[in-house]
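Protein chains: 2
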Amino acid sequence: MAAGAFRISRRRALSLAGVSAAAGVGAGVAAGRSATDASAVPADAAALKYPFYGEHQAGITTPAQDRLHFAVFDVDDIPRKDLVSLLQDWTIAAARMSQGGSAGEFAPDAGPYEAPPEDTGEAMDLGPTGLTITFGFGPTLFTAADGTDRFGIGARRPRALVDLPRFSGDMLDERISGGDLCIQACADDPQVAVHAIRNLSRIAFGRASLRYSQLGFGRTSSTSTAQVTPRNLFGFKDGTANLKAEDPAAVDEHVWVADSDDQAWMAGGSYLVSRKIRMNIEPWDRTRLSEQERAIGRTKGKGAPLSGGDEFTAPDFSMPGSGGKPIIAEQAHVRLAHPDTNGGARMLRRGYNFVDGNDDLGRLDAGLFFLCFQRDPERSFIPVQTRLAGSDLLNEYTRHVGSAIFAIPGGATEGSYVGARLFES
Amino acid sequence: MAAGAFRISRRRALSLAGVSAAAGVGAGVAAGRSATDASAVPADAAALKYPFYGEHQAGITTPAQDRLHFAVFDVDDIPRKDLVSLLQDWTIAAARMSQGGSAGEFAPDAGPYEAPPEDTGEAMDLGPTGLTITFGFGPTLFTAADGTDRFGIGARRPRALVDLPRFSGDMLDERISGGDLCIQACADDPQVAVHAIRNLSRIAFGRASLRYSQLGFGRTSSTSTAQVTPRNLFGFKDGTANLKAEDPAAVDEHVWVADSDDQAWMAGGSYLVSRKIRMNIEPWDRTRLSEQERAIGRTKGKGAPLSGGDEFTAPDFSMPGSGGKPIIAEQAHVRLAHPDTNGGARMLRRGYNFVDGNDDLGRLDAGLFFLCFQRDPERSFIPVQTRLAGSDLLNEYTRHVGSAIFAIPGGATEGSYVGARLFES
Chain H
1 MAAGAFRISR
11 RRALSLAGVS
21 AAAGVGAGVA
31 AGRSATDASA
41 VPADAAALKY
51 PFYGEHQAGI
61 TTPAQDRLHF
71 AVFDVDDIPR
81 KDLVSLLQDW
91 TIAAARMSQG
101 GSAGEFAPDA
111 GPYEAPPEDT
121 GEAMDLGPTG
131 LTITFGFGPT
141 LFTAADGTDR
151 FGIGARRPRA
161 LVDLPRFSGD
171 MLDERISGGD
181 LCIQACADDP
191 QVAVHAIRNL
201 SRIAFGRASL
211 RYSQLGFGRT
221 SSTSTAQVTP
231 RNLFGFKDGT
241 ANLKAEDPAA
251 VDEHVWVADS
261 DDQAWMAGGS
271 YLVSRKIRMN
281 IEPWDRTRLS
291 EQERAIGRTK
301 GKGAPLSGGD
311 EFTAPDFSMP
321 GSGGKPIIAE
331 QAHVRLAHPD
341 TNGGARMLRR
351 GYNFVDGNDD
361 LGRLDAGLFF
371 LCFQRDPERS
381 FIPVQTRLAG
391 SDLLNEYTRH
401 VGSAIFAIPG
411 GATEGSYVGA
421 RLFES
Chain U
1 MAAGAFRISR
11 RRALSLAGVS
21 AAAGVGAGVA
31 AGRSATDASA
41 VPADAAALKY
51 PFYGEHQAGI
61 TTPAQDRLHF
71 AVFDVDDIPR
81 KDLVSLLQDW
91 TIAAARMSQG
101 GSAGEFAPDA
111 GPYEAPPEDT
121 GEAMDLGPTG
131 LTITFGFGPT
141 LFTAADGTDR
151 FGIGARRPRA
161 LVDLPRFSGD
171 MLDERISGGD
181 LCIQACADDP
191 QVAVHAIRNL
201 SRIAFGRASL
211 RYSQLGFGRT
221 SSTSTAQVTP
231 RNLFGFKDGT
241 ANLKAEDPAA
251 VDEHVWVADS
261 DDQAWMAGGS
271 YLVSRKIRMN
281 IEPWDRTRLS
291 EQERAIGRTK
301 GKGAPLSGGD
311 EFTAPDFSMP
321 GSGGKPIIAE
331 QAHVRLAHPD
341 TNGGARMLRR
351 GYNFVDGNDD
361 LGRLDAGLFF
371 LCFQRDPERS
381 FIPVQTRLAG
391 SDLLNEYTRH
401 VGSAIFAIPG
411 GATEGSYVGA
421 RLFES
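Sequence order for the protein chains is H and U.
In terms of full-length UniProt numbering, the first sequence opens at residue 1 and continues consecutively.
In terms of full-length UniProt numbering, the second sequence opens at residue 1 and continues consecutively.
Source of the hints: derived by calculation from the structure; they are not laboratory data.
Every residue gets a Cβ at the ideal spot worked out from N, C-alpha and C, and that includes glycine.
Honestly, I wouldn't trust all of these hints.
In silico negatives: residues of chain H with every beta carbon more than 10 Å from chain U [to be verified]: (1) S85; (2) D89; (3) E122; (4) R150; (5) R207; (6) D285; (7) L393; (8) R421.
Partial chain H-side listing against chain U, Cβ under 10 Å, derived [to be verified]: (9) D44; (10) R67; (11) Y113; (12) T148; (13) R166; (14) D189; (15) F234; (16) R286; (17) G301; (18) H338; (19) V355; (20) L361.
Given the sequences, and given the hints that come with them, work out the whole structure.
Structure (structure tokens):
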């Protein structure tokens, strides 16, 4: 570390530039944005930040931010103590970045220093913009593909961290499935989310290697009643009936692992299932509106169930339609995914739309990067997806190409690190 | 067209939801965003819109928006009249979408219609968010690869629409280079830019096919003095000395094609060069700060030239450094790219940062999607890039993998279409 090293927070950089979070709001009205803004995110949203330390990790019930960079790593051939030090280093950097700071002490500013900067710099002027960084452990961290217990934690693998079954129609690419460790970075500015993953990848060098990563540009679920329901790339509102942070009893029941569940080190944690779902955009776009609405079971405009009402009206699955059939089809997505059809199973969805350019046939490589958090995947995602995979009318327009599951430990306390209870209790 | 068809503008959808552009601003302060917002873009920025019709196409001197979806098409085997009708259809849809409307008359709302919607719906609630859509014609539209003049416009190919030379170090992938037609969609909400490209691709079905496309998440240049200079993925401020809309004499001299230039149909237009520049992120991140600054010729923090001052101080290329060498290295990027080194050559840069996930070796597939507009590439991009390709210190950390050039016709008048003067005058 050079003697002249010091830290400049992104917020301090803003303040040095003469911008205050409060002042930016009024100034931005005329032009639709603040003249001193470095991004589309206004100054007040740029200053938005969430605590990193706490009972639960941030980025789960946090109001879903608009942009995602999700990254999955495989741990290199290193001893247990190096895995622990990686988690310690990640925790410190993530806590700093989530509060608008640089990833490390030695950040760029005027003057030459004879070491690589500990922060890559591209988010220096942008503010935290609601950044959350959420860490998870995949099944292979506990039990490697060859059955070995590399880090002496095999006996502590939670029962709920199952290997996902193969679902009907799965067309999974192993290169974008599975993995030892995951990091979900969400923010309202994509450059802030990308900066977080890039710096955490840099910190991992020699200890863990990037297996795959995914950018998402539009959230597809609300996790707060204060948020408008967004639209997925089928053009429909998505996640209307999602679990919301404002219903803590339901969140406790369906999302957080309780002290009494299986492995005590997972208390306050959750389980994340990720699915990369490619949408067959072009055939969908040539499907008539009535058929699109029949497949979903809701109207496209308002998002109301086909049984009537508005977006938040409960669907009436028994209401008759024409020809003696129910007005919401037996195989409509909204029926098959509904808690009433699944023994009350619920999960907190937090997915993102993606477009990865196009394939060689000129079709948009686009879809939904589905993310859901739950207390027990065997009671939530797995039975629901089994039902959907069997008969959802949407299956004609989708293809599941990536899949993973991760144990998301509870939040860290300051001075400790994410996952400490797995290694130390 | 169904009898019940009608149009719902994205702005009308917002207004129906009880949101007014003005009301959203104050309400958003506490939570850092409006509770009724469907995206990170605040209500006043969501309502931001630019005229589509005019002397010049929008999206060039327009203050650079934060998100990009760039798409390149090859024209199918169709007669000239179908190419003209494609341009007509594209113009109408683009004009509607840029004003916050749907792509076509038959947009989704309650009620089943027995036709595919003419708008895919995912941007219905989002507002125009400054959307601009800019069309261009590649060399192969005038002269196909086999030398044929498919559309009877070969004789009207502008002299300035050259085939770009091969530059030293080019590692171009043909699949993401060239192309007959381009569309640059820029907006402050990525879903709005993606929606525009998707609907224009849909409209092209049977007439033109997507060749490649690129999403960009962070602008890397300011095109207005009201904008803060953003940072590229090297973490440095980029585009400090860019042409700005507020200097119309320079823009007229360096960006817009004049009536007296070569082909009269190009008056009011420009030429776009696109370069996909992959950055070798990991080696760069392990390079010491002094070396990073030497390669760029500016400080990383403030973006000041190494000869002193602040970001906007002119670099002093003759100032001596240590060892009898100039303080700004002979091969520093800022020196080689500077107008003083290039006979006064200037261009309007409008590029975007990109991350396309990662490669098979776990390296981020990231970099700069460079876009620049100029009156004559033989006087701007080509000589500058020839100099950079030869000796820029940054070359160790970059790889040019995609390349294209397009003639950007002047703006359309209402009732006509983009490029009409090429086909009809």
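Next on the checklist: Quick check on the hint: V355(H) CB to chain U CB, less than 10 Å?
Outcome noted: 5 Å, holds
- Consistency of the no-contact label for D89(H), given chain U and a CB cut of 10 Å: 15 Å, holds
_Hint G301(H) vs chain U: min CB-CB distance below 10 Å?_
Holds, because the Cβ-Cβ distance from G301(H) to chain U comes to roughly 3 Å (cut-off 10 Å).
Is the shortest C-beta separation between T148(H) and chain U less than 10 Å?
22 Å, violated
**OP:** Classify the hint on R286(H) as holds or violated, based on whether any CB of chain U lies nearer than 10 Å to its CB.
**Re:** Given a least distance of 5 Å, the restraint on R286(H) holds.
Satisfaction of the R166(H) interface hint, Cβ to chain U closer than 10 Å: 24 Å, violated
| field | Interface hint for D44(H), Cβ within 10 Å of any Cβ on chain U | value | 5 Å, holds
message = Is the interface hint satisfied for F234(H)? The criterion is a beta-carbon contact with chain U at less than 10 Å.
response = Check passed: Cβ of F234(H) comes within 8 Å of chain U, closer than 10 Å.
Could you check that no beta carbon of chain U comes within 10 Å of the beta carbon of L393(H)?
Holds, since 15 Å exceeds 10 Å.
- Against chain U, is L361(H) within 10 Å by beta-carbon distance? 8 Å, holds
Examine each Cβ of chain U, and state whether all of them lie more than 10 Å from the Cβ of S85(H). 19 Å, holds
Exercise for the section: Verify that the Cβ of R150(H) lies farther than 10 Å from every Cβ atom of chain U, and report whether the claim holds or is violated. Expected result: 19 Å, holds
When the structure is compared with the earlier hints, violations turn up for hints 3, 6, 12, 13 and 18 and for no others.
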